[in-house]
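Residue numbers (the working numbering), protein chains in the order written: chain A, 1 to 463; chain B, 464 to 711.
Treat the hints loosely; a few may be bogus.
[As the list claims (entries may be wrong)] Calculated cross-link-like contacts (lysine to aspartate or glutamate; reagent style EDC-like; alpha-carbon spacing at most 16 Å):
hint: 1; chain 1: B; residue 1: K576; chain 2: A; residue 2: D424
hint: 2; chain 1: A; residue 1: K266; chain 2: A; residue 2: E96
hint: 3; chain 1: A; residue 1: K163; chain 2: A; residue 2: E48
hint: 4; chain 1: A; residue 1: K370; chain 2: A; residue 2: D337
hint: 5; chain 1: B; residue 1: K541; chain 2: A; residue 2: E425
hint: 6; chain 1: B; residue 1: K541; chain 2: A; residue 2: D424
hint: 7; chain 1: A; residue 1: K442; chain 2: B; residue 2: E495
hint: 8; chain 1: A; residue 1: K442; chain 2: A; residue 2: E312
hint: 9; chain 1: A; residue 1: K364; chain 2: A; residue 2: D337
hint: 10; chain 1: A; residue 1: K406; chain 2: A; residue 2: D387
hint: 11; chain 1: B; residue 1: K628; chain 2: B; residue 2: E532
hint: 12; chain 1: B; residue 1: K585; chain 2: B; residue 2: E563
hint: 13; chain 1: B; residue 1: K656; chain 2: B; residue 2: E495
hint: 14; chain 1: A; residue 1: K442; chain 2: B; residue 2: D604
hint: 15; chain 1: A; residue 1: K367; chain 2: A; residue 2: D400
Treat the hints as calculated values from the structure; they're not laboratory data.
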Amino acid sequence: MTQIKDIDRSLYDFKDDESDFYRLQEGLTEETVRRISGEKHDPAWMLEHRLRSLELYNKIPVPDWGPSIDGLDMDHISSYVRANTDMKGTWEEVPEDIRNTFEKLGIPQAERRSLAGVGAQYDSELVYHNVREEVAQQGVVYTDMESALTGEYADMVREHFMKLVPPSDHKFAALHGAVWSGGSFVYVPKNVKVEIPLQSYFRLNAKGAGQFEHTLIIVDEGADLHFIEGCSAPKYNVANLHAGCVELYVSKGARLRYSTIENWSKNMYNLNTKRAVVEEDARMEWVSGSFGSHVSYLYPTTILKGDRSYCEFTGITFAGNGQNLDTGAKMIHIGKDTSSYINSKSVSKDGGISTYRSSIQIAKSAKGSKSTVDCASLMLDDISRSDTIPAMDIRTMDADVGHEAKIGRISDEAVFYLMSRGIDEAQARAMIVSGFADSVSKELPLEYAAEMNNLIRLEMENT
Amino acid sequence: MSGPLLQVSDLSAGIEGAELLHHIDLTIREGETHVLMGPNGAGKSTLGNTLMGNPAYHVTGGRIFFGGEDITELGADKRAAMGMFMSFQNPLEIPGLSLESFIRNAIRISTGKPLKIFQFKKQLEAAMEILQMDASYVERDLNVGFSGGEKKKAEILQLLMLDPKLAILDETDSGLDVDAVRTVSRGIEEYQKERGGALLVITHSTRILDSLHVDRTHVLVKGRIAETGGAELVDEINRGGFERFTEE
């Protein structure tokens with residue numbers, strides 16, 4: 001396997017010249033981090049990693065761009081973390097709107113509790129084990145992150161863990177490094193094609209999953225995997241901070257498709273970091289749906305390191321009342337003849353704010369590279385907002401870069417057109433929005449596409 | 464039903480700040496075909512849109528009755544469910560919604576009953592045959608990238624599938640070549656003759672009327688009905704244009 005150590009670190013190394021920002025955090029102490037580490041029976045290097053991350057966390061300032069996260073009580077950050085290690089909560093505490101959504105999506109009782117982060121019993125555990133058996137025969141490793149640390153692939157995990165997203169990256173990456181818990185590890189050996197998509201859906205009940213979970217996927221040379229994370233029912237956590245981390249390694253000639261629908265409860269601060277590195281002739285495909293949450297910062301990043309590597313990002317964001325969702329994608333072209341394609345859609349309604357933020361970097365080395373960005377926003381009323389903030393940094397003349405942005409409002413004339421065929425106004429609007437999202441839902445596995453359309457319908461009904 | 468299908472009495476309407484129709488009276492009985500002609504800007508499309516319930520148009524006086532029921536305040540969806548239909552002058556493009564799934568949804572929602580798929584497919588095939596539409600048509604996004612003629616064919620396909628009691632055709636023939644008019648007319652003929660549907664044909668040319676039986680003709684000038692007559696009025700306009708009606 002090719003390692004990524006030789007990547008130009010300056011691309012994302014934290015510049016540590018901001019000592020002015022240093023603040024004493026009452027919140028997160030070494031003791032708390034040691035306790036988490038102890039409970040998880042971490043190997044020694046992981047404890048070290050956590051403590052180093054904690055140090056960084058205390059040094060790095062809160063981001064001063066993007067939507068406000070003032071609602072997060074950073075001085076008492078340990079209360080968010082404590083909820084993670086000791087997640088109790090009761091079904092009765094789950095907000096009613098979330099319980100209603102479970103009902104409407106027809107999710108069984110046991111799964112509802114689990115998705116809400118309060119259950120211990122989970123029927124689908126059996127299914128999960130079965131899936132594991134099936135892929136295990138192909139030599140695929142699919143396990144929870146904790147067991148991966150000490151299992152057969154412990155060295156591989158250590159070599160890759162937070163190398164792509166170093167704790168120095170930003171404050172919440174550092175926090176993640178210090179207190180991470182739960183998540184999945186997947187390794188697909190050389191030339192193995194996994195026929196069925198692996199779904200982390202089945203593992204949502206893992207302790208702490210859905211708050212600081214860590215996903216590490218390594219697809220070895222010539223291998224092929226589709227990984228699906230999350231599901232469209234809202235995930236509810238007692239604590240309202242989510243700072244997960246996803247690291248994806250796509251080796252030479254391999255292909256990885258990574259699909260997620262993130263639907264957090266509407267009090268959630270979703271500060272998630274996802275990154276992929278793509279080697280020679282390899283292919284990375286992101287499919288991303290962002291619903292829910294109060295504030296989101298989410299920009300899956302792809303480093304097109306190998307020559308002729310390819311990445312395609314397809315995403316949709318839906319911001320409703322009280323939501324400020326700042327989402328997009330980043331592409332970093334390093335290898336020759338690399339290409340990237342971003343297809344992003346956003347919908348805002350009831351005063352929701354949706355911002356598309358992207359960055360395309362084409363390094364001097366990336367001769368013959370191509371990048372296309374296509375983003376469209378749909379506002380459903382006069383009080384909602386939609387912004388587009390595309391950044392481009394092109395260091396070679398020999399590159400082909402295109403950007404197209406469309407921002408529009410739902411047309412009254414179109415709504416009338418559908419209504420003149422007997423469709424009521426709410427359904428007419430939902431059909432137009434579903435249609436707008438169609439190029440994204442098409443990319444999703446069928447049952448997820450259906451759930452996403454349900455979700456759009458539910459969001460539209462709540463107008 | 465003994466009373467008229469559509470009864471418009473003393474209707475005045477317009478867009479924000481401008482009244483475009485004044486004191487219109489119009490009565491259409493079941494199965495009748497009425498033609499509404501008039502020069503550009505006379506208010507023909509305003510009348511069509513007002514009858515169908517386009518919220519961009521406001522009724523400033525008078526009432527509209529359909530099947531004896533006062534529909535003046537009803538939304539377009541309710542009017543459609545009662546049996547009204549309008550073929551749009553400029554059908555809108557809806558990306559991501561296929562023509563077939565649009566028609567299916569429209570039938571399902573407006574009738575409130577689950578759709579019989581096999582029967583639906585058969586009807587759809589038959590209607591497309593009449594309109595000489597290729598099978599691939601219905602899988603395409605509604606009106607997206609359709610030519611002018613294709614859009615109008617898609618409108619008439621919806622007419623045949625939804626099978627309303629009254630269809631308002633707003634400039635269905637405008638911008639079409641002779642062959643396309645002929646094909647579209649065949650669909651309208653099917654609706655008129657085989658299904659006994661009533662029509663209000665809004666047009667400023669007469670090509671589309673060649674194959675249709677016409678009961679009444681109304682000439683709309685400056686928002687008022689200047690004259691009403693039989694089918695012969697169409698021929699007269701064909702020869703002399705609207706000059707006679709616009710003078711004074």
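Here's how the hints hold up against the structure:
1. K576(B) to D424(A): It holds: about 15 Å lies between the C-alpha atoms, which stays within 16 Å.
2. K266(A) to E96(A): Satisfied, since the Cα-Cα distance of roughly 12 Å is no more than 16 Å.
3. K163(A) to E48(A): Holds: K163(A) and E48(A) sit about 15 Å apart, inside 16 Å.
4. K370(A) to D337(A): Holds, at about 7 Å.
5. K541(B) to E425(A): Holds, because 10 Å separates the two Cα atoms, which is no more than 16 Å.
6. K541(B) to D424(A): holds, 8 Å
7. K442(A) to E495(B): This hinted pair is violated, its Cα atoms lying about 45 Å apart.
8. K442(A) to E312(A): Between K442(A) and E312(A) the Cα gap is close to 14 Å, so the pair holds against 16 Å.
9. K364(A) to D337(A): Roughly 12 Å between the alpha carbons, so the hint for K364(A) and D337(A) holds.
10. K406(A) to D387(A): holds, 10 Å
11. K628(B) to E532(B): holds, 14 Å
12. K585(B) to E563(B): holds, 13 Å
13. K656(B) to E495(B): holds, 10 Å
14. K442(A) to D604(B): holds, 13 Å
15. K367(A) to D400(A): This hinted pair holds, its Cα atoms lying about 10 Å apart.
When held up to the earlier numbered hints, the structure conflicts with hint 7 and nothing else.
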